[in-house]
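Asker: Chain residues, written in single-letter form:
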Amino acid sequence: MNMKKALLAAALLLPGMLLANPHEKQLANGMRVIVKEDRRAPTVVHMVWYRAGAMDEKDGTSGVAHVLEHMMFKGTKTVKAGEFNKIVAEAGGRDNAFTSLDYTAYFQIVPKAALPRMMALEADRMANLSFKPEDFASEIKVVMEERRMRTEDNPQSLVHEALGATAFKAHPYRRPIIGWMDDLENMTWQDALDWYRHWYAPNNAYLLVVGDVDHQKVFRDAERTYGRIKAKPLPARKPQNEPGQTGVKRVTVKAPAKLPYLSMAWKVPRLRDIDKDRESFALEVLAGVLDGTDSARLPRNLVRGQKVAQSAGAGYDGTVRGEALFMLVGQPAEGRTVAELETALRGELARIRDEGVKEEELTRIKTQIVASQVYKRDSMMAQAMEIGGFEAAGFSWRNHDKLLDRLRSVTPEEVQAVARKYFGAGSDDRLTVAVLDPLPLDQAKPRPDAKSGVATRH
Amino acid sequence: MRRILLAVLAMTVALAAEAGVKIQHWVAPSGARVYFVETHDLPILDIDVSFAAGGVYVPAGKTGLAGLTQGLLGAGAGDLDEEAISERESDIAARLGGSSDSDRASLTLRTLSYPKEREAALDLLRLVMTRPTFPEAVLAREKARTVAAIQEADTKPDAIAAKRFAAAIYPGHPYGLSATVESVGGITRDDLVAFHRDHYAAGRAAVSIIGDITRAEAEHIAQSLTESLPAGVPETPLPAVTLPKAETIKVAHPATQSHIHVGLPAVKRGDPDYFALLVGNYTLGGGGFVSRLMKEVREKRGYAYSVYSYFAPKRIEGPFEIGLQTRREQAADALKVASEVLAGFLKDGPTAAELAAAKKNLIDGFGLRIDSNAKLLGYLSTIGFFNLPLTYLDDFPARVAAVTAKDVREAFARHVKPEHLVTVIVAAD
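Just so you know, the sequences run in chain order B and C.
Be aware that the first sequence starts at 124, since it is given in my numbering, and climbs by one per residue.
Be aware that the second sequence starts at 396, since it is given in my numbering, and climbs by one per residue.
Be careful, since some hints might not be right.
Said to hold, decoys possible - Subject to a maximum C-alpha distance of 27 Å in a straight line, what follows is the list of computed DSS-like cross-link-like pairs (lysine-lysine):
#1 K209/B to K695/C
#2 K255/B to K690/C
#3 K200/B to K417/C
#4 K181/B to K235/B
#5 K209/B to K292/B
#6 K742/C to K755/C
#7 K340/B to K499/B
#8 K209/B to K742/C
#9 K209/B to K801/C
#10 K770/C to K381/B
#11 K209/B to K770/C
#12 K731/C to K235/B
#13 K209/B to K255/B
#14 K731/C to K209/B
#15 K399/B to K235/B
#16 K742/C to K499/B
#17 K209/B to K640/C
#18 K292/B to K181/B
#19 K525/B to K481/B
#20 K640/C to K731/C
#21 K742/C to K690/C
#22 K551/C to K430/B
#23 K457/C to K430/B
#24 K551/C to K203/B
#25 K430/B to K381/B
#26 K209/B to K417/C
#27 K538/C to K663/C
#28 K695/C to K381/B
#29 K417/C to K754/C
#30 K499/B to K417/C
#31 K645/C to K377/B
#32 K148/B to K353/B
#33 K812/C to K640/C
#34 K235/B to K499/B
#35 K381/B to K754/C
#36 K361/B to K372/B
#37 K755/C to K731/C
#38 K695/C to K255/B
#39 K742/C to K731/C
#40 K340/B to K353/B
The set of hints was computed from the structure by calculation and includes no laboratory data.
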């Protein structure tokens, strides 16, 4: 479309400044500092990412990465429990944290004057966390409430939990991030502390600052704060590769709902080498052909055309530390069955496998990729998240533009080739299907709290 | 790609946040009110057109009509069918969006500001806003999807609680109504056509524009978007709200957690007490981890992951609400703590330290509320739709600073009266 020309024209303005932003420096203790100057508004996003997530947990303490994330707000040797939030709030900022399968990250969004204070506080809890057993006992209950809210009473979450636990038998992605309820009930103060001592180190973390800052000053402040923390040896990370799957797996979840829900996941390659792996880019474009805009195939053909789906979607994330899945999900339309929806979803893959995709579909996706990057400039948090997530999977922000270039170079032939290879004959051997079987409300009984029926300890 | 990003960077200059936001306002020849912020630091244009076309204006028995009308604007317009519309939108990477609540129906557009993309995107927005065709077949399909979504929502404890709460605090008022299988089933194409004709009028519209265009361009855009809208009917006063009697409603559900809502109709947009309520609510339950509700319910007792309170001002009295979810066996204990926190706050208001902390966050953090075009568009739309002063953003810090503890106590006493507080518990034992 015309947009490409317009963008190219704009691009000619000032070549040669590409490497001017972001900026990166590694501290002597191994911690990397990445700064992106964005002076549109006098605010700053300050984030520390730890390369320790749910996938690094052991059986019996599932959920501990996330529990520790909660405990990080419970005080250090010099900052009382709850004080961290209070200081951020009084600075006019807001703060929070999130845990994924791959990483745990902490952030504050503050007026720029407060940045040095945030760096001092965040560095303090990287090295000096000190939470009391009674605060652990209270907070673990909060986490169990969080699990009830996010998972126990959310049928689609239960389906995805069952899907992960079924698709993987060896790889740690089989465990839910929030943890099994029984593991939460049996978790101890010591479990959380051990997790902290093992993984919270400057050499297992990177700092991201996006906003109205001078990168040299941020580097100096980082030296004075994070730079004083000693590196420490990290536990060995075993690969825990999933053994080859030898046949389709199916699992059913019964829960109170009206509409069934279907989730299909094929094991496919993740991105390892940006220069060599073309398949990962082709899979991402394939997901974009199926879903992503209103004009994509699933909403167009299944929701609007055949009316077989109430909703339908596709997803693939190749920039992960662990195993990658290609997902198709949906709810059947009223009067249609899960089996019909599954057939229809498979039909869309088969059509691409047999007939390929149109050049105009790819052009549309590539246009979206370019525009998304421009739109993303409106949000400091979105820019920080993009860099953070990419780095978490083991890539450098320096290669992010290259990743986008590669995505835009994917051809219709490459999309058809991955459709043939990963969704053709024999591909069911790498497939897991999870289904929500809706239970009428009057047949569902209030469940005892844990599967075991054991009352909460602590 | 790399060069594109670079060009965007090179154009980056300070947003007006530090110097105050300059909102330009005029009335287009069409009669639409226009609110414009010019900013050239990104090659983006954002537009929001908000009509007095929310659920409150729907004829009796047709609940769901406002949402369906808004939702089907893109289902066919002029000579284009829904597939052509979605293709055109995707081809230029425009983001056409929309929403509908009890007061307003909004259409939003984000587009690149380069002339060709911008013109194509504006053509599309104008077309769906002014010449929707509401095809029968699409309406039938979307009615079926809406009915399925209603039936699904009626199994979810959070959705059930929200509906029951609205119905209980707004007895006999359109704010309390939710779409039902029957009400949606009875909606016809004629209803959509009539609702659009009467309510999607320039005289009922506020057009908000922010981005990489000039004032002259903004004037042209606002007029061309609204000049061919239907004449519509003038806005009429909304029915008055009758405050409910205090009561507790329990709804059976098999969920592991009880969903608890406590509240009442409380405050209109533009009410002089708004800033006192905003500052006070920060301490009560709006200030995240540092609020009293969070400290007492979550931090001290571990009763809930999420507990909060808020005021949601609307055209007429919008709700005040406290919400939390907790393991059903301890619902009574958690509700007791939340009720005591509210009672204590109503009696004594914030302490001097709490008041100072609240003001410090709201004033020093004000810049965070307007640090992107997307956030500013939200404020422009609210200012425009509710006819708030153009100086609303400039005045915000001073209005917050002026609030005293006495103001908070008195404002809460006027707007949150215990004899009208309704409690809804879903999944109650």
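Asker: Could you run down the list of hints and mark each one as holding or not?
Answerer: Cross-check of the supplied hints:
1. K209/B to K695/C: holds, 16 Å
2. K255/B to K690/C: holds, 17 Å
3. K200/B to K417/C: violated, 47 Å
4. K181/B to K235/B: violated, 40 Å
5. K209/B to K292/B: Roughly 43 Å between the alpha carbons, so the hint for K209/B and K292/B is violated.
6. K742/C to K755/C: holds, 23 Å
7. K340/B to K499/B: Cα-Cα ~25 Å, so holds.
8. K209/B to K742/C: Holds: K209/B and K742/C sit about 24 Å apart, inside 27 Å.
9. K209/B to K801/C: With a Cα-Cα distance of about 24 Å, the restraint between K209/B and K801/C holds, given a limit of 27 Å.
10. K770/C to K381/B: Measuring from Cα to Cα gives roughly 36 Å; hence the hint is violated.
11. K209/B to K770/C: holds, 25 Å
12. K731/C to K235/B: Not satisfied, since the Cα-Cα distance of roughly 41 Å exceeds 27 Å.
13. K209/B to K255/B: holds, 19 Å
14. K731/C to K209/B: holds, 25 Å
15. K399/B to K235/B: violated, 41 Å
16. K742/C to K499/B: violated, 46 Å
17. K209/B to K640/C: violated, 37 Å
18. K292/B to K181/B: holds, 14 Å
19. K525/B to K481/B: Holds. K525/B to K481/B sits at ~24 Å (cutoff 27 Å).
20. K640/C to K731/C: holds, 19 Å
21. K742/C to K690/C: holds, 19 Å
22. K551/C to K430/B: holds, 24 Å
23. K457/C to K430/B: holds, 25 Å
24. K551/C to K203/B: Given that 27 Å is the threshold and the Cα spacing comes to 39 Å, the pair is violated.
25. K430/B to K381/B: Holds, at about 18 Å.
26. K209/B to K417/C: Answer violated: K209/B to K417/C is near 32 Å, above 27 Å.
27. K538/C to K663/C: violated, 32 Å
28. K695/C to K381/B: Given that 27 Å is the threshold and the Cα spacing comes to 37 Å, the pair is violated.
29. K417/C to K754/C: holds, 24 Å
30. K499/B to K417/C: Between K499/B and K417/C the Cα gap is close to 23 Å, so the pair holds against 27 Å.
31. K645/C to K377/B: holds, 25 Å
32. K148/B to K353/B: holds, 17 Å
33. K812/C to K640/C: Cα-Cα ~10 Å, so holds.
34. K235/B to K499/B: Given that 27 Å is the threshold and the Cα spacing comes to 20 Å, the pair holds.
35. K381/B to K754/C: Violated, because 46 Å separates the two Cα atoms, which is more than 27 Å.
36. K361/B to K372/B: Answer holds: K361/B to K372/B is near 26 Å, not above 27 Å.
37. K755/C to K731/C: Not OK: K755/C and K731/C at ~30 Å, beyond 27 Å, violated.
38. K695/C to K255/B: Roughly 13 Å separates the two Cα atoms, so the pair holds.
39. K742/C to K731/C: holds, 16 Å
40. K340/B to K353/B: holds, 22 Å
Violation of the numbered hints given earlier is confined to hints 3, 4, 5, 10, 12, 15, 16, 17, 24, 26, 27, 28, 35 and 37; the remaining hints are satisfied by the structure.
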